[in-house]
Amino acid sequence: MASEVEETMKRIQSHKGVLGTIVVNSEGIPIKTTMDNTTTVQYAGLISQLSDKARSVVRDLDPTNDLTFLRIRSRKHEIMVAPDKEFILIVIQNPTE
Amino acid sequence: MDKEFKFKSVVTSEQTNSKVKKRKRSEAQIEQWDTIRRQSTTVEDKDINIEGVVRLTLSVEMQNLLGCVIGQHVSSEMPWTAVKMKQVQENLISENDKSELFAIKESLMKFSGTEILVGYIFCAEKPNQFYICTTEDARKSVVQMIVRNRAERERRVHNCIYRSSREWISLGSEKEIEDSQPKHARPLFEIQTWIAVDRLKQPVAFQDRDVDDMRDGYVNFDSLHHKYVTVMRKRTDVAIQAVPEEEFSIAQTVLSLPTNMWTQYEFHVEIQKCIEDEDLNRSMKQFLHEKSPQMADVVRYNSVFDLHRDDYPNLVTAEEDVQAPKKIMYTEYQSFMDVKICRGKVISAAAWHPMWTGVVACSYIDNHQENDDVSLQDVFSMNPVLIWSFMDTLNPRLVLGSPRKVHALQFCPYNENLLVGGCNNGQVVVWDLCDRLKKVEEEVSLSSTKLKYHLALRDLMGWMRPTASDRFVSPVLISSLQFSPISCIKDIKWLSPYYEISHLGRYEEHKPNQPTVLQFLTCSEDGSICVWDLNAQWNRKPPENKPKKRHYKFIACESDVLAIFKPHYKFVAEIPVSKRRMSLSVIAVEAFPLRYMLQTETDFAGKLSMTERLYYKPEFQKVKWYPEMKMYVGSMEGQVVQAAWEGYEFNSGENIHVEALKFKSWGDEHDGPVSAISLSLFNKDLILSVGGYIIAVWRESIKYLLQDEPVLWRRSCVMLTSGAWSLFCPSMFFIARVDGVFEVWNFLVRSDKPILVQSISGSALTGIYPSRLGPMQNVIGFTDIGGNFRVFLMPQEHVISDPRNKEAVDKFFDRETEHRKFARERQDRWMAKNADALQAKKEAAQTEMKKREAEKRAKERLEKEKRRQEEEELQRRKEKESKDYRKEENVRKHFESEQEKYLIGVLLEKKKLDESALLNKKVPIDQFKEEERQKRLKQGKMKQKNKLAERVSTLFPEMVKVSYKSHKMEKVCFCDIDLL
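Residue numbers (my numbering), protein chains in the order written: chain A, 1 to 97; chain B, 1 to 980.
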């Protein structure tokens with residue numbers, strides 16, 4: 001079972017420019033990661049907050065709506081967030097040159 | 001005395017009474033009334049019946065005597081007066097009976113008193129009547145009467161003036177009077193007024209004031225004529241002030257998570273290494289299963305595309321692409337025209353010298369007009385071929401003589417001295433320039449004195465045979481008329497120097513020990529294509545015979561010196577089905593590889609003059625290239641044919657072997673005679689053909705696939721006259737048009753229309769001749785119908801050749817071919833599928849056409865009938881109106897004559913001439929003329945007479961003699977003659 005999860009994560013990780021993949025639970029605690037501890041915790045905590053906030057924004061605007069995907073473009077990276085009820089999948093990628 | 005007194009007293013009392021009674025009325029009034037009373041009394045008292053009172057008439061003397069004159073002493077108011085007795089007695093005594101008082105003398109005498117009373121009686125009928133009281137008693141009674149009357153009168157007057165008041169008797173009017181009187185029903189108002197009397201008397205202190213502060217500070221004087229426009233105020237703006245209500249609201253938000261806490265310190269959360277929870281694991285797997293494909297997609301997309309990148313700056317990297325394209329123009333460099341020779345001529349053919357830059361040969365022919373005598377022109381007109389150089393644009397360098405009009409010209413590409421021309425009668429002419437050009441150019445120019453000297457010398461040498469100028473070159477070879485094609489030669493193409501066509505029509509490799517192959521092809525209007533070999537002639541030429549010293553005649557005449565110049569081999573182009581000869585217009589053969597090396601040392605880096613001639617030398621290469629036995633011909637009917645031949649295997653013993661060409665492909669695309677076929681220098685299988693209105697590019701290698709269709713064809717709006725591939729760019733070609741415009745096409749840039757259209761001439765262009773001068777500057781020549789050869793500088797952009805272009809062109813045509821093939825296949829498929837429908841449609845169209853035709857015919861018939869009727873109507877109307885025309889004509893004539901008269905009048909007036917004076921001056925002239933006329937008449941008559949006389953004298957001499965003798969006889973004689 002666990003190997004399947006890992007395989008999926010590895011598959012995502014194998015794409016060009018992907019720096020890391022993190023799975024965070026609803027409390028903001030990282031469950032699976034391909035990055036180092038500190039970064040993972042930092043990303044997990046902050047991104048889960050941001051994702052919660054973004055979700056509440058979307059729901060406030062329209063109660064029937066829901067957040068499905070979140071992309072954060074920065075100068076260095078692009079952070080892609082796929083939130084769910086229980087988990088959040090975070091992928092950090094370098095943009096193409 | 002008493003009486004008098006009494007009387008007086010009465011009077012006084014009367015007076016005092018009147019004074020007293022004077023109250024409201026004046027005394028005069030009262031007196032008036034009194035007199036009236038008295039009068040009435042006096043009149044009443046006329047007949048006073050008192051004893052002693054006598055009535056008497058007294059005269060005026062008597063009245064004066066007595067002192068009772070009317071008006072003086074007595075009057076009607078105061079009639080009574082006293083007269084003295086003494087006077088009366090004296091009068092009675094003196095007068096006695098004559099006295100007026102005589103009647104009463106006795107009584108008077110008896111009277112004792114001193115005075116008697118006399119009263120005037122006022123009577124209108126009997127004046128001067130008086131009462132006289134004769135007795136004392138009478139006097140007394142009269143006085144009494146007077147007093148009585150007075151008292152009575154006074155009482156009456158008194159009663160009249162003073163009335164006594166009586167008691168008021170009411171009749172009911174007082175009530176009305178009372179009603180009309182205003183009555184005060186209410187108590188009156190009390191009004192109290194205050195006046196500050198003190199203020200009014202105070203002194204006033206005046207002050208200055210500002211006019212602007214006061215309402216009436218200014219007074220405006222309006223002009224009387226000013227009109228005021230009343231502007232209605234229809235809208236009023238009312239401002240209201242609205243103040244929003246202040247609102248305060250407070251919202252309390254509760255943070256679910258403390259913010260900024262996480263960023264402040266290091267994270268120490270350990271990642272759960274192993275997940276024991278089975279549920280968690282399952283749910284996570286579920287989650288990943290759901291989300292990972294989407295994520296993977298996004299990540300993949302991201303790794304390929306950068307959505308957020310700004311691509312605009314990277315769109316154009318090359319700087320030249322940003323700039324606006326430069327306008328490319330062909331600028332004219334030179335124009336060759338010799339007015340003496342070229343006037344009214346057309347350049348039929350031209351050729352650049354392949355090895356010497358800036359040298360061009362042009363053949364001139366007459367510009368045919370419709371009614372010109374062609375054969376006369378052919379025989380007598382000069383049809384020169386001129387060699388021009390960039391050094392002189394007005395004088396040709398060389399003039400090449402030709403027996404007939406030259407319609408095709410071609411320099412030999414590997415022998416700089418040979419020029420071949422094709423004549424309109426089918427003959428081929430060869431000129432050997434033989435360094436003549438160099439010689440002409442080396443000619444030293446003479447100074448003016450020297451030239452004069454030369455001329456003078458030449459004048460003296462009248463016996464010397466005129467030698468041909470160095471500039472004139474005669475042909476060295478002219479083909480035999482017998483063997484030449486029978487009609488005009490339209491094109492000449494040189495063949496490869498590496499292979500020669502044998503007598504049997506097969507290519508044979510050139511043997512190194514033999515002289516260079518000099519073979520060329522000519523195509524003619526009669527459908528024959530001839531191969532000519534100059535070596536056959538050249539070799540037999542005696543080498544010591546320098547051509548310039550020999551006086552060439554036509555070769556045909558000099559058969560003993562040289563063999564007859566005739567075609568080496570002959571092809572015939574026949575239309576396959578009808579076996580009719582094709583009328584050929586152009587020919588093209590495969591190009592052979594030949595490189596030119598620069599002979600003269602030239603520094604290209606330095607500034608190179610265009611006129612400076614560069615000499616190239618051909619460099620023969622050892623090639624492993626075998627020429628295909630094929631050629632391309634274009635016909636006058638617009639066909640472009642790729643033809644092949646096989647040659648003969650053995651000699652059949654014929655003088656000239658003739659072979660019919662085999663048509664490998666047949667293109668019938670052009671709608672006019674094919675005017676040019678050009679093979680691309682770069683892409684071997686590309687053929688450009690121009691004819692009619694159509695430009696077509698053929699591709700030989702795929703022709704079979706396309707079933708004789710061009711790969712690319714474009715229709716122009718104007719008739720096209722020539723076309724040629726560019727020598728530098730594989731995708732570029734030039735097209736000349738009838739309207740004096742040339743087009744530059746580059747299908748890699750645009751395949752639908754030319755990239756450049758430039759109008760260079762007002763008349764038609766007839767040919768395009770691109771030339772390669774050197775690497776730096778290149779030119780292109782155009783011939784126009786005016787006989788000009790015009791040289792244009794090619795812009796640098798059109799000279800640069802890119803090696804990649806060749807592949808691009810191939811690719812372009814591959815694509816085009818594919819596309820065409822696909823379209824054709826699809827069409828075929830469709831046609832096959834819908835064959836029935838198409839057939840039905842066709843039939844329907846045919847029936848429709850027939851129907852329409854019938855309708856059209858009927859309509860035409862109707863129209864004809866109508867027109868005829870109209871014409872008849874018109875004729876009738878014309879006849880009717882002819883009278884009016886005559887009238888109009890008359891009116892016009894009248895108007896013109898009037899106008900003339902008026903103009904003459906104006907002229908005379910302007911010149912200040914008098915008509916009558918002029919007429920007077922004219923009189924002698926008229927007279928003279930009249931006399932002249934008379935004279936002439938007379939002379940005529942005389943002449944007639946003389947003639948007659950002569951006649952008579954000759955016929956009847958005796959009669960004349962007689963007539964001379966006498967005039968009478970003459971008459972008789974004439975009569976006789978008349979009778980005769």
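No lab work stands behind these hints, which were simulated from the structure alone.
Some clues are possibly wrong.
In silico BS3-like links for lysine-lysine, alpha-carbon gap of 27 angstroms or less [claimed, not checked]:
#1 K285/B with K10/A
#2 K16/A with K285/B
#3 K901/B with K911/B
Source: prediction; values computed, not measured.
Inset, instruction - For the pair we were handed, K901/B and K911/B, check the Cα-Cα distance against 27 angstroms. - result: Holds. K901/B to K911/B sits at ~15 angstroms (cutoff 27 angstroms).
Legend entry - K16/A paired with K285/B [C-alpha distance capped at 27 angstroms]: holds, 24 angstroms
Inset, instruction - Would you mind confirming whether the straight-line C-alpha gap from K285/B to K10/A stays at or under 27 angstroms? - result: holds, 14 angstroms
In the structure shown, no violation is registered for any of the earlier numbered hints.
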